Amino acid sequence: MGKIVRRLWKFASVRWLAFVVLGGIVAIRIADPSATKILRENIWFDQFQKVDNYVPPERHTVIVDIDEESLQELGQWPWSRYDLAVMVQVLGQLGARVVGFDITFPEKDKLSPAEWATTNKNLSPEMVAQLKGMPSNDQIFASVIGQSPVVLGGAAFYREIENREQPLPAEPRLGYRNGNGKVWLPLYRDLVYNTEVLQQATPGFGVFSIDPSSDGVVRRVPALIRVGPPGEYNDQKVYPALTLEMLRIGHGEKGFIIEKANEASGISQIKMRSKVNESGEVVIPTDEHGILWVRFSEHEPDIFISAKDIIKAGELPPERQQELFRKIQGKYVMIGTSAEGLKDIRATPLEGAMPGVEVHSQVLDMVENQAFLIRPSIANAIELAIILFAGIVLISFVPRLSAMTTALFFVPFCLILMGASYYLFIEESILIDGLTPVAALFILFVLLVYQKYAREQEQKKQVRGAFSQYLSPALVEQLAEDPSKLTLGGETRSMSFLFCDIRGFTPISESFKGDPQGLTRLINKFLTPMTDIIMGNHGTIDKYMGDCIMAFWNAPLDDPDHARHACESCLMMQADLIELNKRLEVDAKEDGRPFIPIKIGIGVNTGECVVGNMGSEQRFDYSVLGDAVNLGARIEGQSKSYGVQNVIGELTANEVRDYAILELDLIAVKGKDEAVRIFTMLGGPEMAQDPAYQALYKETDEMIRAYRERRFEDSQRHLDTCREMRPDMNVLWDDIYQARLDEYKENPPPEEWDGVYRATSK
37 MGKIVRRLWK FASVRWLAFV VLGGIVAIRI ADPSATKILR ENIWFDQFQK VDNYVPPERH
97 TVIVDIDEES LQELGQWPWS RYDLAVMVQV LGQLGARVVG FDITFPEKDK LSPAEWATTN
157 KNLSPEMVAQ LKGMPSNDQI FASVIGQSPV VLGGAAFYRE IENREQPLPA EPRLGYRNGN
217 GKVWLPLYRD LVYNTEVLQQ ATPGFGVFSI DPSSDGVVRR VPALIRVGPP GEYNDQKVYP
277 ALTLEMLRIG HGEKGFIIEK ANEASGISQI KMRSKVNESG EVVIPTDEHG ILWVRFSEHE
337 PDIFISAKDI IKAGELPPER QQELFRKIQG KYVMIGTSAE GLKDIRATPL EGAMPGVEVH
397 SQVLDMVENQ AFLIRPSIAN AIELAIILFA GIVLISFVPR LSAMTTALFF VPFCLILMGA
457 SYYLFIEESI LIDGLTPVAA LFILFVLLVY QKYAREQEQK KQVRGAFSQY LSPALVEQLA
517 EDPSKLTLGG ETRSMSFLFC DIRGFTPISE SFKGDPQGLT RLINKFLTPM TDIIMGNHGT
577 IDKYMGDCIM AFWNAPLDDP DHARHACESC LMMQADLIEL NKRLEVDAKE DGRPFIPIKI
637 GIGVNTGECV VGNMGSEQRF DYSVLGDAVN LGARIEGQSK SYGVQNVIGE LTANEVRDYA
697 ILELDLIAVK GKDEAVRIFT MLGGPEMAQD PAYQALYKET DEMIRAYRER RFEDSQRHLD
757 TCREMRPDMN VLWDDIYQAR LDEYKENPPP EEWDGVYRAT SK
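With positions in the sequence shown counted from 1, the corresponding number in this note's numbering is that position plus 36.
I should point out that these hints are in silico values taken from the structure, not numbers from a laboratory. Keep in mind that this is a model prediction, so the values were computed, not measured. A few of these clues could be false.
Stated by the list, open to error - In silico PhoX-like links for lysine-lysine, alpha-carbon gap of 25 Å or less:
1. 549 / 488
2. 579 / 708
3. 290 / 311
4. 676 / 635
5. 86 / 73
6. 635 / 579
7. 618 / 635
8. 273 / 296
9. 348 / 363
10. 307 / 296
11. 146 / 296
12. 311 / 296
13. 676 / 561
14. 379 / 144
As the list claims (entries may be wrong) - Estimated spans, in silico, between C-beta atoms of each pair:
15. 622 / 581: 46 to 52 Å
16. 247 / 663: 54 to 60 Å
17. 247 / 452: 30 to 36 Å
18. 429 / 617: 56 to 62 Å
19. 108 / 236: 45 to 51 Å
Ideal placement from N, C-alpha and C gives every residue a C-beta, glycine not left out.
Full structure from sequences and hints, please.
Structure (structure tokens):
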């Protein structure tokens, strides 16, 4: 028993985090937030439709399009309902099976004779009386649609519409099987529909509202909806979609049957009897909320007929009339708009912009062709089971086996899972998500592999022991005398820091393309002499960062002349680089590759910092922390901006006043608000005695002083002299100060200008 408990404890102790993550993944999938829906629907299911390129085997619909040409010829919308009555009559004569309006008529026609007489003040009383005695356009339209297979549309709203006078339209006949499925339908608060005279006359009424997904793409449409106050089921009414109502009239049925698989489940399908189909019924599978997944096809211009051609069909040539008859006879005719100004444009998985009426047309074609997309009610349970089962298998075996071995099983499993999902779509039109489970399992797999790697690294570190830490030789000697120093902690010291970086390293590395070992040898040839110079001047190498060196002075051993030693190292490194480049040029010729000389930038700064063993209880290193260190790194980066080989801080410059030093600027480096003076070293004490340097120093000092005192013409005069003395420093003279002087002469700085330049790059 104890052995079993120990094994279980070992199993759980290694895998507990993975079980927590698996539980979190399962909880997220059950909650099904928008992120998982985007992965499942927006990416995976959309990709199915894009790859499938579905083309309906038969088109059962045509669209009478209120397009731009119709608006230009017949005038702006809304048109007179007399014209719409003519349109319905013509469509009936052309053999339309059912006419559906993807439009609602909630207000009276203002172009009716009586309405027009009321608003026109220039008519005689006799003319007004005569016009008011004429039938309204709404009555004419109602008379026509009352004698035709017409479905009027309405729009559902999530908010209640105020000041409603007309009661909601009557519901269609509804039947229920295996319990009342009404409560599962999408609920809307209110409805916009048609004027009373039209609503009472129309043989059918359907809702054309479409709720797109969060990204604005239409993927699903409701077959039936509820309208009414939340929670008040008796006061809620059920209305079919426009397409469903057109199907009902087209098949000669009086109502719908909402069917559930069992008492506890949601809706499974909607049925209606049919006087047309051989089976005697139409079956429409839906999800549990009575919503249809739409199998979209690409935009089909051939099913569109301009509305002007229908209204003015009598004026068309006989051959065009015959063509319209062939296109419309026996078809469901949907009346809608593609005109941009009427704003009924939708996005689908296949089209970025499609007329909304064509979405309804494709839904109707899908039903008549029985080409449904089916998302089974158990789909979520299947996907959860896959995640849970495969997750437990991964947690059980990944820690035992190598990453390569587990990957050989994991990758094919994921491919099979996604392949099965695609196969079900292509062959059975079933939507099962294969991407979300794979993404969830991939997260778990990466976690397990990382945990395994981390445990192996920890074991290797423990084998090496405490003295495998990366310590400087001087510190190792101190630890030999006092092992208690192998603890975390540090002390505050005044120190000097040097940062050295190769300029233009990318072209150099590209010259060794295909020869990484050669690049390594080059870096070693550079770092070795530079390191020797630093250590020969009592410096400690803190770290190498690729082609960059970081070093410090006055720790771990005391060095009272740390600033001078750092500056001396800087100048020696610059001098040694000349000889190093000569040797590297010879090597490049022998190797048959182009020679790119190494150029470096060096930053030296002095200040207080904390130095000591930094890190964690398990792993630490001897290093430095502090603002002075960060500033040293920042000013090294400015050497390129100012066109000099080195940049030193003000405290460093104060310690080596006998060196040949020029002030560069008063700058606030990136990441700092406080300004600092920066300098460059041209040479050591010998150069400082050179009259040429002394003259340059005087002119530079006068140029910068005049610049900060806003005497820009004086500064320009001294700058011209500096340029003549040292033309090789053209970046400093031309790119920095000449550019600033040109700008400030044209646009003087504000009175509160402090002369500080604020760097925007490191």
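**Item:** Non-conforming hints, listed in increasing numerical order
**Value:** 1, 11, 15, 19
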